[in-house]
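Enquirer: Numbered according to the working numbering, the sequence shown terminates at residue 1206, and the numbering increases by one at each position without gaps.
Be aware that one or more of the hints could be misleading.
Label pairs and their in silico Cβ distance ranges [unchecked claim]: (1) Cys1074 / Asp805: 39 to 47 Å; (2) Glu536 / Arg841: 50 to 58 Å; (3) Glu536 / Glu1164: 42 to 50 Å; (4) Ser637 / Glu536: 44 to 52 Å; (5) Gln286 / Ser637: 56 to 64 Å; (6) Ala1179 / Ala660: 36 to 44 Å; (7) Ser300 / Glu844: 17 to 25 Å; (8) Ala597 / Ala660: 13 to 21 Å; (9) Gln264 / Arg841: 21 to 29 Å.
What the hints contain is simulated information worked out from the structure, not anything from laboratory work.
Note that the Cβ used here is the ideal one computed from N, Cα and C, for glycine as well.
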Amino acid sequence: MFNDLLSKLRTYPILLAWLKSAVLKRLALGLAVLFLTMTVAWNVWTPQRDTAPAAQLTLPGSLFGESTDTDEQEVTHSPGSNALERERQLHRIGSHGIRPALNAPHAASRAAQPVQHRRPVQHRRPVTTAASRAPANQQRPTTVAPRLVRPSSETQHDGDNADHGEARERRRAAKPRRKTDGSAADYYTADLLYGLLDQKPFDPGQNVPDYRHLYNVTQAIQKKAIEIIVIPHSHNDPGWLETFEDYYSGSTRSILDNVVLGLQTYPKWKFIWSEMSFLHRWWSDQGEETRDIVRGLVRSGRLELATGGWVMPDEANTHYHAVLDQLIEGHHWIRTNIDSKWQPKSSWSNDPFGYSSSVAHLYQQAGIKRLMILRTHYMLKRYLAQHHALQFRWRQPWDALHRSAVFTHLEPSSLYSTKHSCGISPESCCLFDFFYLKFCEGSDQCDCVVHKVTEKNIHHLATTLVDQARSKSMLFQTNTVSILNGDDFRYTSFTEVKDQYVNYDALMEYINSHPDFHASIKFGTLGEFLEKAEQENSRFPHLHGDFFPYSDKYTAYWTGYFSSRPFHKAYARIVQSLLYATDSLFVWASARGRAPAGTFEQLTAARHQFNIFQHHDAVTGTSRAYVMADYLDRLRSAHRHLANASANLLSSLSGLPSLALVTSARYNAGRDTHTTVNASRPATVLVLNPLPRPVKRLISVFVLSPHVAVRDCSNQAVAFATSLLLKPEYVRGRLNSTAVESVRLTFEADLPALGYAVYSVVPVKLAKRVQGRPARDVISLHNASKDFRVPSFWPIQKVPKVPFDLVTDSFSAAFSAEGLLTTLTVDGKTIEMKIEFVVYRETEMEEQTGGAYIFQPTKEASPIGTPATFVRVESGLLCHYVTSHWRFVEHTVRLCNATSSLGPVQLSITNQVSMQWMNMPEVDIAMRITSSLHSADLLFTDLNSLQMAQRRRFRDMIAPNFYPFTSLAYIQDRTWRLSLHTQQPLGVSSLQAGRLEVILDRNTDMDDGRGPVGGTPESISCTQSSFELVLERRDSAATMEPTDLSLEAQLLAQHVLHPPQIFSSYPAKRPKLCSGGFLKTGMPCSIQIASLRPIGDPGTSKESAGTSKESAASAAALVLYRLPASVSLSRRTASQVCQRTGHVDGQQQNVPPLANLFDGVRVEQAANCSLTMLDTHGAIALDTPLALDHRQLQTLKLRFSQVDVH
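Take the sequences, apply the hints, and build the full model.
Expert: Encoded structure:
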């Protein structure tokens, strides 16, 4: 036994030296030596236990007792120091490391200063100067956080409706579900977080994960040899504190230059890169010699292109179409320019503010086998660390067999710098960020003094580094440990490359040459680390669910960015819809040999601009104001390119000259910017349906005169309705009159699958009557004074301000005197459906303010008590409109007859919000819908429009109950489901049973301390948000899971995302073609086309992807998605629902044979590919229907023959 213990002690030279000290030499041999040796082995740390609870240890510094204090270049060793003395020594060095300047340095001085640290969470506000820093001797509390315990049954509460069966299972304890066969645990993130937040949050105010209390010396001694992989990286945001171009010219260009030079100079060094948008920009500045060097580095594996997307996308506000498009673009660019056999090994997602299982699913489908994530709720991360579950297999909720599970590593640190990632003590890890050598060596201005590795300090530094890596490994089930060697915009100078490499190389040689460390260390890539870690264990736990909301400290919930800068979010959806349509048009025109010159270049330029906006500081609205303005310019540029390209493509396909895109009626940059059709002479309106099935849709265009009629291209009359758009005019703050903005013309269009139909708007002398009813809507103005001026050429009634009802052919709606919905009546059943506007006020709470990232309401929202200035009611042949006017919002509800709706009860809601009229700083305005549904504490929201997630309400909290609202949210009880479809991403919540609440806009000047971006004072004069409210009876609910969508809801979601695109022209002659379509027959109701986009062959060009017209025209990617199994919540069958959309065979579930799918073109070849077309799985028979499983994403690579049928 003595020999075994002595052999174990030899692996730890410091302890062995202690045993051989003068004190032990004076002791007697025999039993005394044996007794004392055993005592030292098991109780050497006993004196420290006075400062920490039993079986736990606060270990801020070196593992084996050395001091981490430094005196200039020398390091003093204090083997006998106890924990308290070592803690004092640590704090004399400093506990936070260097705090760089607040403002990002300009290009001229960037190489001479440390860059702005990424969203510092150590302080509420970033420290800007050395003088303003906290004293160097200021100590951090060393209290140990209590372990998590299962909440008692007394702390668990029922929902608002205790008799509701779905509420009784709530607040389950935070523990993994283990299968009876003893297999690995299966965690559900929602259950874990609900269980954790049901307790009193431990360590209020603690802002970084602290794992020192989890450390156990006995386990550390027993730990096997570890392998340390140092991963050099540089996180480059395509816009944040500076614009994309400013970052590129000031930092990123130099970074990539230095990385390539460093990889050439130091053969053992490696690097990872993730933003292809920057690499594409840098590539265009390089000669062929440098490009060949990069190709060799990528092929050799020393330069890893992690994930390979155009950007590192946000995962809360993005639609899966957009995530997929930027991923395809990045992968195809790499294959075309760098390596035709490149495969993504891993995904590097270190900075998004929470993570979606839908994005993980897309990555897995694209061939990425391993993921690394970082920003998750600090309590959830700590819980997983306690259970050694930071590495898991992330599966989808529908995948009980774990076929889609992807290995995921959750980094335990709060940030991705060396200081936070080398171990469990940032105070020790900061010694190994040699970037600070040029700033801090010998300086008293730095909190953490970094020294070069020398003969005098190498043993101490090597021991400390191994100790920290070993302590980090104890949080995992594996012995492979990563150290992230980098930070935001690192390696701007070659000096940093040299300092990092030379010092780490010295440490590596020393550690690897001393077996007593029981550790090996080397430079590596993310892919190497994840692959090695995964191979060590075959029984990782499984996990399903998402990681929203994100919180990095108590009371700080990153739920504000779901709604920050809503104008940008909404405008991006318009560009996304137009990009989707233009892609299909280009493939259509190219297959027929009719693509006009230059359209592909316009399409590519627009795609690149749009994809940059998917970046996690762009669509989130969390960049500085002038950077957000740059993003908006990029979106407008993309919209212009797409408008021109789509119009030219349609002109080529239809023969109509001079087509121009009509500005979308669902969203305008301001009230007066919509495009009007001049109907003083016959005008042609071409309506494009981008969906792969026939549809009937109500189309609205704006005309200058009410004296018009609508005809189809065979000169047959079409039912239509006209109404005035009135703009309120205020005089000295009081409503005085209305002015006519324009005339809205509405008609129903019958559109072919992925095709267009042509209509004519012709002038007439007198107002026509359609089917015995006037085509003009009857307008009533409520609360208009007697001297209130209105247009004289339209019959407008002035009525008192009283409640009123409106009736359609399937339901009726009651409105208050303010023009706000109060109830709906369906089949004789009245359901409360109250709409109101409320305001949240944000302020500082517990040293935390709200801002662009964080939502920090002081209390529940209060209703806006200001009465509407006036209410406008329009009753017409096709639809009814109710518009209420306040100074700060214009609220419109549209009720249409069922012939134009997918569901029996469907209302369209539009809000025009003007925050500048609120005259209240630090507020968030929300639309609240209160119903009589007994929904308990449940809310259902979508994740990137790919799946639904069930949410439960946290008690006594507001901010963490808001979730990403990408396209759909609903509440339900046993009888009804109330759904809200959105045309723009926002934040949604259900703070009471039966209630939905959506944040429409935010106005805060405060800085929440997560990056010096300031608040979100909205400079846009008017922001529009649009929704579809649907009430469904759950007749078939017994056969459904709670998260299953009805068929109507899934079809409506597609209609909301991809509305018809409207074009106008003024031809001299009547058009010859009435309609045209790319598909012979529509796709089945259950099949979506996620993307139909042109793509060239990898390797055809060494320039930017797709510059070869022949390549772009001959190949296309067709991405299909089969919807989850669904039923109609109404009494209609699936066949009846599909027939309602114009599809004949509602039971057909397979994709028609490709030989018969497209009209007028021939598919020469079709191959089954991976999601981003990196792998080809074989040819597809062209004459056989294609069967897809539910929820299956399938990419086909098609080659068309260029046949012109006209």
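Enquirer: All the hints need checking, so say for each whether the structure fits it.
Expert: Hint by hint, here is what the structure shows:
no. : hint                         : result
1   : Cys1074 / Asp805: 39 to 47 Å : holds (40 Å)
2   : Glu536 / Arg841: 50 to 58 Å  : holds (51 Å)
3   : Glu536 / Glu1164: 42 to 50 Å : holds (48 Å)
4   : Ser637 / Glu536: 44 to 52 Å  : holds (49 Å)
5   : Gln286 / Ser637: 56 to 64 Å  : violated (25 Å)
6   : Ala1179 / Ala660: 36 to 44 Å : holds (42 Å)
7   : Ser300 / Glu844: 17 to 25 Å  : violated (52 Å)
8   : Ala597 / Ala660: 13 to 21 Å  : holds (19 Å)
9   : Gln264 / Arg841: 21 to 29 Å  : violated (57 Å)
In summary, the numbered hints that this structure violates are 5, 7, 9.
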